Amino acid sequence: MAVTVSIPTILRTHTGGEKSVAAEGSTLAEVIESLETNHGGLKARLVKEGVLHRFVNVYVNDEDVRFAGGLEAAVKDGDNVTILPAVAGG
Amino acid sequence: MLVIRRDLVDAMVAHARRDHPDEACGVIAGPAGTDSPERFIPMDNAERSPTFYRFDAAEQLKVWREMDANDEVPVVVYHSHTATEAYPSRTDVSFAGEPDAHYVLVSTRDPVEHEVRSYRIVDGVVTEEPVKIIEP
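Just so you know, the sequences run in chain order A and B. Just so we're aligned: the first sequence equals residues 116 to 205 in our numbering. Just so we're aligned: the second sequence equals residues 11 to 146 in our numbering.
No wet-lab data here; the hints were simulated from the structure. Warning: the hint list may mix true and false statements.
Dumping the calculated SDA-like pairs for lysine to any residue here, alpha-carbon to alpha-carbon at most 25 Å [claimed, not checked]:
(1) B:LYS72 x B:GLU95
(2) B:LYS72 x A:LEU126
(3) B:LYS142 x B:PRO60
(4) B:LYS72 x A:ARG169
(5) A:LYS134 x B:ASN80
(6) A:LYS134 x B:ILE51
Given the structure is predicted, the values throughout are model-derived calculations rather than measurements.
All chains should be modelled from the sequences, with the hints used to inform the complete structure.
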C-alpha cells in the first residue's frame with residue numbers, strides 16, 4: 116500500500132527538508148518502519164516504548180489515529196498520513 | 011524579536027482573560043517567509059485546565075490544513091498562564107514542536123495588569139526575545 120506522509124517542519128531534518136514523502140504499509144506501524152528505512156531517525160521521534168509519542172499527532176486522512184487503533188490503525192493505498200507536533204504545555 | 015500589531019496582542023489578552031482561570035491557547039498565522047503574524051486563530055484548550063493546555067487534535071488538523079492551503083505558517087503560538095509568570099514551564103519546553111514559531115506567553119495572574127512575553131524554544135533551549143508592538 117503506497118501512502119503519502121506529510122512531515123512537519125521539526126522533523127524535516129530527517130527527510131532532507133521534504134514536506135511530503137512516500138511510504139508503504141497496511142498499518143501505521145508498517146508505514147513508520149518504511150519511513151525509517153528511507154529517513155533514519157524518524158521512528159524514534161514518533162514511537163516510544165511501542166506506542167505513539169505524546170508529542171505528536173498522527174492522522175490517517177482526517178482521522179486522529181489515537182481513536183483508530185494507534186500504531187495498528189489501518190492504512191489503504193492512496194491514503195494521506197499527516198504528522199503534526201502536538202501543541203500543548205502547562 | 012517579535013513584531014506584532016497591537017490589535018493582535020489585545021486579542022490574545024482578551025482570549026486569556028475570557029478563559030481565565032483556565033489556560034487559553036491559539037495561533038496567529040502569517041504568510042510563509044515573512045515572520046509577520048496576521049491572522050488570529052483562537053483554539054479550544056482540550057484540557058480545559060488552569061495548569062495545562064492542549065490543542066484539540068481535530069481542530070488543529072483543520073487549522074494547519076487551512077494554513078497550508080493559504081501558504082501560511084504558525085508565526086505565533088500563544089497560551090496563558092493563569093497563576094504564574096509568563097515564562098515557559100518545563101512541559102511547555104518539552105512539547106515545543108514549532109522551531110520557527112514565536113512562543114508567546116500571556117499571564118493573567120494579576121486581575122488588572124497582564125504580562126505578555128515572547129520566546130523561541132528550539133531543541134529544549136528557551137530564549138526570550140523583545141516584543142515590539144506596532145500600531146495597525
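Evaluated hints:
1. B:LYS72 x B:GLU95: It is violated: about 31 Å lies between the C-alpha atoms, which goes past 25 Å.
2. B:LYS72 x A:LEU126: 20 Å, holds
3. B:LYS142 x B:PRO60: 28 Å, violated
4. B:LYS72 x A:ARG169: 20 Å, holds
5. A:LYS134 x B:ASN80: 16 Å, holds
6. A:LYS134 x B:ILE51: Holds. LYS134 (chain A) to ILE51 (chain B) sits at ~23 Å (cutoff 25 Å).
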